[in-house]
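2 protein chains.
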Amino acid sequence: MRAVPALRIAVGPPGHRGERLAEQAVVAGGGTIVRPGGATADGLVWLDGADPAGLRQALTAWPAVRWVQLPWAGVEAITGAFDHDRIWTCAKGSFAEPVAEHALTLALAGLRRLPERITARTWGKPGGTSLFDADVTILGGGGIAVALLHLLAPFRVRATVVRRRADPVPGAARTVATADLDGALPGALVVFLALALTPETAGIIGAAELARMDERAWLVNVARGRHVDTAALVDALRRRAIAGAALDVTEPEPLPDGHPLWTLPNAIVTPHTADWPEIVTGLLAARITANVRHLAAGQPLEGVVDASAGY
Amino acid sequence: MRAVPALRIAVGPPGHRGERLAEQAVVAGGGTIVRPGGATADGLVWLDGADPAGLRQALTAWPAVRWVQLPWAGVEAITGAFDHDRIWTCAKGSFAEPVAEHALTLALAGLRRLPERITARTWGKPGGTSLFDADVTILGGGGIAVALLHLLAPFRVRATVVRRRADPVPGAARTVATADLDGALPGALVVFLALALTPETAGIIGAAELARMDERAWLVNVARGRHVDTAALVDALRRRAIAGAALDVTEPEPLPDGHPLWTLPNAIVTPHTADWPEIVTGLLAARITANVRHLAAGQPLEGVVDASAGY
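Top to bottom, those sequences are chains A and B. Heads up: the first sequence begins at 1 in this note's numbering, then just goes up one per residue. Heads up: the second sequence begins at 312 in this note's numbering, then just goes up one per residue.
Same shape as in the complex, but just chain A:
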């Protein structure tokens, strides 16, 4: 077995608060750190998920980079920097379990009326809805959907997954293509949004889709706020056309003070915290270490982005 020369990995942008942990993760994967002005870099770990111009500049400075690791699961803010000259990987899949956990938490909280219970100052009437044996619909067929299906399995739900192509997703009762979304909304007790944001999926839940949901249904969004027409949602919640909405992401985000979603009794808003910094840092470090190791060994990388599809 011949010794493989260590991969030279740059980490940026310089001074980012995650820099040190990322460098440690690179070293743990067997890579060596290249500093600005130093030798050629084979790979780049880029910790800012919202600065495509800075990233393009870094790639100009490190022209030999053949792999770029991005920090978040969603990369829609940085697609402007993508090219087909190298492999792009992101954190998708890596955060799937905590995000799926948050989605389940929000669904159960809605069904068990926690907005009412938590704000109550007096003993109320019993009541609630069980997730056991329910029909649910999940938009998105990636890592979050798979992790969520795993958490939902003991509830014996019948899950319909809606995704770009209708390739079956393990654990789903059926998988349909996005063109058949309309038929997947009626009857679902919970509609989960766990899909990537692309030009095709922005606004995928609007007034017409909300109108197709059951009156007893909850909408749970752990994807991106722009998937939902916020004005149409506020209107549906006010009219109680659906039972409620639990949103970890909003449009606009952060949700401004005074927004009706803060005070609607059938809305739950959490501050984009399905994956929160403490957990993300550890999981991203593990992804970086694994990908440095895979790249050195010539193995497939984890979380590869389709630069054309944009996720």
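I should point out that these hints are in silico values taken from the structure, not numbers from a laboratory. Backbone N, C-alpha and C define an ideal beta-carbon position, used for all residues, glycine too. Worth double-checking, as some hints may not be accurate.
[As the list claims (entries may be wrong)] Computed footprint of chain B on chain A, listed as stretches where at least three residues anywhere in the stretch have a Cβ under 8 Å from a Cβ of chain B:
#	segment
1	101-109
2	118-126
3	179-185
4	194-206
[Unchecked claim] According to the in silico footprint, chain A covers these stretches of chain B (three or more CB under 8 Å from chain A):
#	segment
5	409-419
6	434-446
Since the structure of chain A is already known, use the hints to place chain B on it.
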């Protein structure tokens, strides 16, 4: 095969709002209904779980009854009517899934800071705690514990079950006897109470037990309020000696207006609604039908109460 004469089943107390559904369930199980003043009764379905005197009176009126079906999972309010002359069954196990679901809901809601999120009127800081790969402790080794372990399995928790005897519970990493409770509290991210209320388990969680729990831990009670020393709990929550408590049952119950648990930011109170009337009615009817059928066929009944142990 000889024809088995239909069992004669009485339903009481007369005029109870569940009477008609219970009678339908008896008939669905192949039994015939005996009315007051009618023929001898072989069995009695008693729908009031808190009136031992009324039940004793009914048993005097129907002396040949060899089986009594009780309406709730917890029978501590009616143990005064128990005797060893017949088989006693209750709803235990039957409501296990919705109760376990409520317990998981409360745990996730606490760990994901929903009390803070649901009352927020402005975008907050991200943060929370994941249940994935955590240590949890469950007091009780009956149907609710088993159902809860099933829901917790995809989270890869390491569960310690604490029960009267240390017989292993499927799905638990370890099972210990109640005498070893002290050792099962430190390190648990969530301590679930899912045990029967008996003289031995009343007050099982007091100041000393709360002091052994981690500062980051949540206490979840879906059993009975009297398992917990409420004053000690309020004190622990005020000092943030534990992260929080989520209680579906309280002592006193209903929790009176103005009680500190209503306003403590790290307490969640739900109104004894882990199993709520709509779901209980259907599940109890199924239990009645099954037990009428089993009794006629000479098979073991479901939810048999140990009249000596009191659950």
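Practice task
Return the numbers of the hints above that this structure violates; sort them in rising order.
Solution key: 3, 4
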